[in-house]
Every structure is written in C-alpha cells, then in structure tokens.
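Keeping the supplied structure of chain Y fixed, place chain A upon it in accordance with the hints.
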Amino acid sequence: MEVAYPFLKHVVGSVSSVAVLWRDYIDLRHAREENAELKGQIEQYRRTVLGYEERIREIGRLQVLSDLEASLGLPSVKARVIGADPTHWYQSRILDKGREAGLARDCPALSADGVVGRIVQVSRNSSVLQLITDVDSGVGVLLENSRAQGVLKSEAGHQPFIEYVGSSEEVVVGEKVLTSGLDQIYPKGLLVGYVTDSKPAKQVFQRVGVTLSANVSKLEEVLVLKKEPRS
Amino acid sequence: MANFLRSTAVLIIIVSTVVLQVLLTRYFPRLLLDLPLVAVLYLTMAKESLLWTILSGTVVGFLQDSLSPGPLGLNGFTKIAVGSLTYMANTVIAIDRGATRWGLLFVSSLLAALLFLALRILFLNRNETMDGERILLSGLINACAGLPLFYLFEKISQPANE
Chain Y
1 MEVAYPFLKH VVGSVSSVAV LWRDYIDLRH AREENAELKG QIEQYRRTVL
51 GYEERIREIG RLQVLSDLEA SLGLPSVKAR VIGADPTHWY QSRILDKGRE
101 AGLARDCPAL SADGVVGRIV QVSRNSSVLQ LITDVDSGVG VLLENSRAQG
151 VLKSEAGHQP FIEYVGSSEE VVVGEKVLTS GLDQIYPKGL LVGYVTDSKP
201 AKQVFQRVGV TLSANVSKLE EVLVLKKEPR S
Chain A
1 MANFLRSTAV LIIIVSTVVL QVLLTRYFPR LLLDLPLVAV LYLTMAKESL
51 LWTILSGTVV GFLQDSLSPG PLGLNGFTKI AVGSLTYMAN TVIAIDRGAT
101 RWGLLFVSSL LAALLFLALR ILFLNRNETM DGERILLSGL INACAGLPLF
151 YLFEKISQPA NE
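Going line by line, the protein sequences match chains Y and A.
Using the numbering used here, read the first sequence as starting at 1 and increasing by one per residue.
Using the numbering used here, read the second sequence as starting at 1 and increasing by one per residue.
Chain Y extracted, bound-state conformation:
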C-alpha cells in the first residue's frame, strides 16, 4: 500500500488533471460557440433597435405632420418620398401616393417647417413633386410686415429670391415670407421662409433673398393638400 500510494497518487492526479483539462477544453469550445451565437444575437438586436429607433423618428415626423394637418383643417394626404429626379436638371421628388389617394396636379405640398412644392405629375399610385427650389417653380408670396407681394423663384445652385417687389417697399431682414394665395395653388398664409437680404433689381423692382424654412433637400414625408372641387 505504502509502495503503491505515491504511484497511484500521481496517476490519479494526472488523470484528474487531464480530465479537468478536457472539461475546460470542452467548455471553451462551447463558450466559443456560445460567444459566436451571442455576438450574432447582439448584432440582430442592435439591428432591431436601430429599426425601432428609425421607426420612432418616422412616427415623430408623421405626428408633426398630423398636427399640421389638424391645425390647417384642410383635406390632405401624407405621402412618403420614394425617389428623386432622375436628371440633375430639375429639383423634384417622387411620392408614393397618386390619383388613388386623391392627389391631382397643382396640389401644394408642405413639410412641418413650411411649403416645399406642388404636384406636377400624377399617376395612379405615385406622383412627381416639383420643389420650390426648382428653376421652373414660382410661388406667389407676400412679406409678413410690409405686405409687399412678389414671386418666389430659384436659380440652379443659388439661394431662392423674390421677384417683382417694388423698390419703394421697405423690406426687413428676418421678416417672414408667406404664401399670398394669388397663384391659386398655395393657400394664403403658409410659411415659406425668411428674408435674408435685398438688393436693387432691373427697373423699379428689388430682388429679395430668401432662406427657406423647410429643408427641401432632406425631405422624407410630406403633407399634400388636396384640391377642393371647384363649384
């Protein structure tokens, strides 16, 4: 017994060490697999959270549009921007709503911050929105304080401006620019932007620089006002 004890002790010790090592190895293998699986799950949860965050932001934006819709009290449709102009000559967006949703040519479109444009082409389930920054666009506007009227125009790569404001009109920088309603497209009193500067133009007019209240280059959803049927 005394002779066998040290030998047995070492053998048993070695065997149990190997067993522990083997168990650790198996655990490590499982841990590695588990780790990879957990990493995958975390990635999946992260994507889900990002999706939810994006959805929350979208709901927030739609809520703002719903509030705007309620405050205006006019029949309207919320539409999502699904594309932009396929040429770089025009400033337009493609919307996911069309004739079926009640949209028609010349329906004005707004964002939460102000006027963004009007519908120029309508198909059954989509429409083309011409932005107020397009070179062919024109919006009848008036200045909030001076009540001077003019037409908001845009030039490629330049800041929008108001044409046909009389040179005798007193224009204040920072003054609100509102729709005048005279173009019979945009209802009167909608916010378009703010006056930034004014300089003399041809003949008896001045050219009034405007910074738009809505960021038309980052539009995602818009509120399109339906046209009231003419009696």
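I should point out that these hints are in silico values taken from the structure, not numbers from a laboratory.
Treat each hint with caution, since some may be false.
Below, a list of computed lysine to any residue pairs in the SDA-like style, where the Cα atoms sit at most 25 Å apart [stated by the list, open to error]:
{"#": "1", "chain 1": "Y", "residue 1": "Lys78", "chain 2": "A", "residue 2": "Val19"}
{"#": "2", "chain 1": "Y", "residue 1": "Lys218", "chain 2": "A", "residue 2": "Leu122"}
{"#": "3", "chain 1": "Y", "residue 1": "Lys202", "chain 2": "A", "residue 2": "Leu122"}
{"#": "4", "chain 1": "Y", "residue 1": "Lys202", "chain 2": "A", "residue 2": "Asn127"}
{"#": "5", "chain 1": "Y", "residue 1": "Lys227", "chain 2": "Y", "residue 2": "Gly98"}
{"#": "6", "chain 1": "Y", "residue 1": "Lys218", "chain 2": "A", "residue 2": "Arg30"}
{"#": "7", "chain 1": "Y", "residue 1": "Lys202", "chain 2": "A", "residue 2": "Arg126"}
Output of the computed footprint for chain Y on chain A, the stretches with three or more beta carbons under 8 Å from beta carbons of chain Y [stated by the list, open to error]:
{"#": "8", "segment": "60 to 66"}
{"#": "9", "segment": "82 to 96"}
{"#": "10", "segment": "136 to 146"}
Yeah, the Cβ is synthetic: ideal placement off N, Cα and C, and Gly gets one too.
Just chain A now, kept in the frame of chain Y:
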C-alpha cells in the same frame, strides 16, 4: 435564343440605370452623374448600331421625362442626338482604348448638357443661367464613372464563354 437573352439583358440595363438614378438622387440630391446617358453611350459604342442608339435613347429619355417635372421628349431628344453623334464618332475613331472612351464620354456629356440647355431656351423660352463649372464637373464624373460601368455592362450583356 442567345440574341434574345442579350437583348433582354440590354433592356434590363436601360431600365435599371433609370431606377438606380432615381434611388441615388434620393439619397444624394446633388449627384451629377447621369447613369442613363452612360448606358445609352455604352449601347451606342458596343452595339455599333444606330437603331440601338435611337431605341435606348427613346426609352431612357421617356422614362426620365416621365419622372421629372420637365416636358416629355426633352431628355429623349438629347440622348438620341448625342448618341447619334457618338455613333458617328465611333465610325471614325477607334474607341478600344480607355483614354479614347474617356474622352468620348466626357465630350458627349458636355454636348448633352449644352443641348439640353439650348432646347430649354429655344422651345420653353427659359432664361437659363449656364453653370459652366457644374457642366464640366458633370462631364468629368460621367467620364470617370463611365469606364468601370462600361466594363460592368460588358460583363452583364456578354455571355461568359465570349
């Protein structure tokens, strides 16, 4: 059958360039690349047939105009005219070399931009302000992006054994 498949691939290229352009400009509103024009020029150079130029220019132009606030026909006319000029140039100059292709793409892009503006001034009575820098930049972008796109189009429209 092979011809039919190749023609189908070409049609898919044409339509997908317009769709891709719509999606790209949705996220990059200041993008100056004109993918449909590059596709028309590719077909003009690859097919060496005026019929393909007219057909692709008409389809691409019609698709672009139908998704734009501009009048129908403006883009189609521009693409057919520039495509036809490229076709004529193709009969005179060998365009196998990358540099020649680049030059042809650049000049064609400039011509397309100038013709488009001229048509707007002549037929729509618009007061266009010519943004030379923008037109040049657009030409450079189209020419630089056009070369790898040509290679890609070739891969798509030609069978693997060729």
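Which of the listed hints are not met by the structure?
-> Hint check: 2, 9 and 10 fail, others pass.
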